[in-house]
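**Q** Each protein sequence line maps, in turn, to chains A and B. With this note's numbering applied, the first sequence closes on residue 111, and no number is skipped along the way. With this note's numbering applied, the second sequence closes on residue 114, and no number is skipped along the way.
Treat the hints with care, as some may be off.
As the list claims (entries may be wrong) - Between beta-carbon pairs, the in silico distance windows are:
| hint | chain 1 | residue 1 | chain 2 | residue 2 | range |
| --- | --- | --- | --- | --- | --- |
| 1 | B | 8 | A | 81 | 39 to 45 Å |
| 2 | A | 10 | B | 51 | 36 to 42 Å |
| 3 | A | 111 | B | 16 | 20 to 26 Å |
| 4 | B | 84 | A | 77 | 22 to 28 Å |
| 5 | B | 16 | A | 55 | 45 to 51 Å |
No lab work stands behind these hints: they were computed from the structure. For glycine and all other residues, C-beta sits at the position ideal for the given N, C-alpha and C.
Below, each chain spelled out in residue letters.
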Amino acid sequence: EDQVTQSPEALRLQEGESSSLNCSYTVSGLRGLFWYRQDPGKGPEFLFTLYSAGEEKEKERLKATLTKKESFLHITAPKPEDSATYLCAVLTMEYGNKLVFGAGTILRVKS
Amino acid sequence: DTAVSQTPKYLVTQMGNDKSIKCEQNLGHDTMYWYKQDSKKFLKIMFSYNNKELIINETVPNRFSPKSPDKAHLNLHINSLELGDSAVYFCASSPSIRLANIQYFGAGTRLSVL
Numbered sequence: 001e002d003q004v005t006q007s008p009e010a011l012r013l014q015e016g017e018s019s020s021l022n023c024s025y026t027v028s029g030l031r032g033l034f035w036y037r038q039d040p041g042k043g044p045e046f047l048f049t050l051y052s053a054g055e056e057k058e059k060e061r062l063k064a065t066l067t068k069k070e071s072f073l074h075i076t077a078p079k080p081e082d083s084a085t086y087l088c089a090v091l092t093m094e095y096g097n098k099l100v101f102g103a104g105t106i107l108r109v110k111s
Numbered sequence: 001d002t003a004v005s006q007t008p009k010y011l012v013t014q015m016g017n018d019k020s021i022k023c024e025q026n027l028g029h030d031t032m033y034w035y036k037q038d039s040k041k042f043l044k045i046m047f048s049y050n051n052k053e054l055i056i057n058e059t060v061p062n063r064f065s066p067k068s069p070d071k072a073h074l075n076l077h078i079n080s081l082e083l084g085d086s087a088v089y090f091c092a093s094s095p096s097i098r099l100a101n102i103q104y105f106g107a108g109t110r111l112s113v114l
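Build the full structure now, drawing on both the sequences and the hints.
**A** In structure tokens:
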């Protein structure tokens, strides 16, 4: 069965303190790995898609990387507005564009 | 102009009632989805429709019945609501099912069954 595990469950950082979130996956044929950001009371907002091992994507203070078994979301010099839940999801070979989500990492950045 | 819109945003109802949640997307996408997010924040897919045709039907009680009158709309009807149905339900859409497309989510409907 396809599985996605995110760690840590929660992360508290001081403003400017860089860190990384982890997403490990076990799937039968990866078609893509997605990172989403979810703010309280809102739907997930797309951040990145990664398709193959070695690929990297960047957006402002965020950088996502992908290996054959896991992905990292690196946050450089975070600001309080980066506080949110970060969700990782994998798209499998199963027909129908089915996303399998991890439980998310709750990030809190204090000023 | 909201891309994926759901109504209502909040829904409080008694056990045993029947309720519906509506979803509309104005992105011109072919594929729409319903997800359930439980209290532990896990997002799990329930259904997927492509051009009004049911594509994904996960292990969901048959009290849940999706209906797609056209490719821009996917509604979710729930019969005989139970306490365990309390969750946040998200609608999403993507351009098609053939590619690893980005899915765009609505703001969610928080359902509370009393």
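**Q** Now tell me if each hint is right for this structure.
**A** Evaluation of the provided hints:
1. B:8 with A:81: 39 to 45 Å: violated, 29 Å
2. A:10 with B:51: 36 to 42 Å: Since the Cβ atoms of residue 10 (chain A) and residue 51 (chain B) sit about 40 Å apart, the hinted range of 36 to 42 Å holds.
3. A:111 with B:16: 20 to 26 Å: This hint is violated: roughly 48 Å between Cβ atoms.
4. B:84 with A:77: 22 to 28 Å: violated, 43 Å
5. B:16 with A:55: 45 to 51 Å: Once the Cβ atoms are compared, 50 Å apart, the range 45 to 51 Å for residue 55 (chain A) and residue 16 (chain B) holds.
Consistency note: the structure conflicts with the earlier hints numbered 1, 3, 4.
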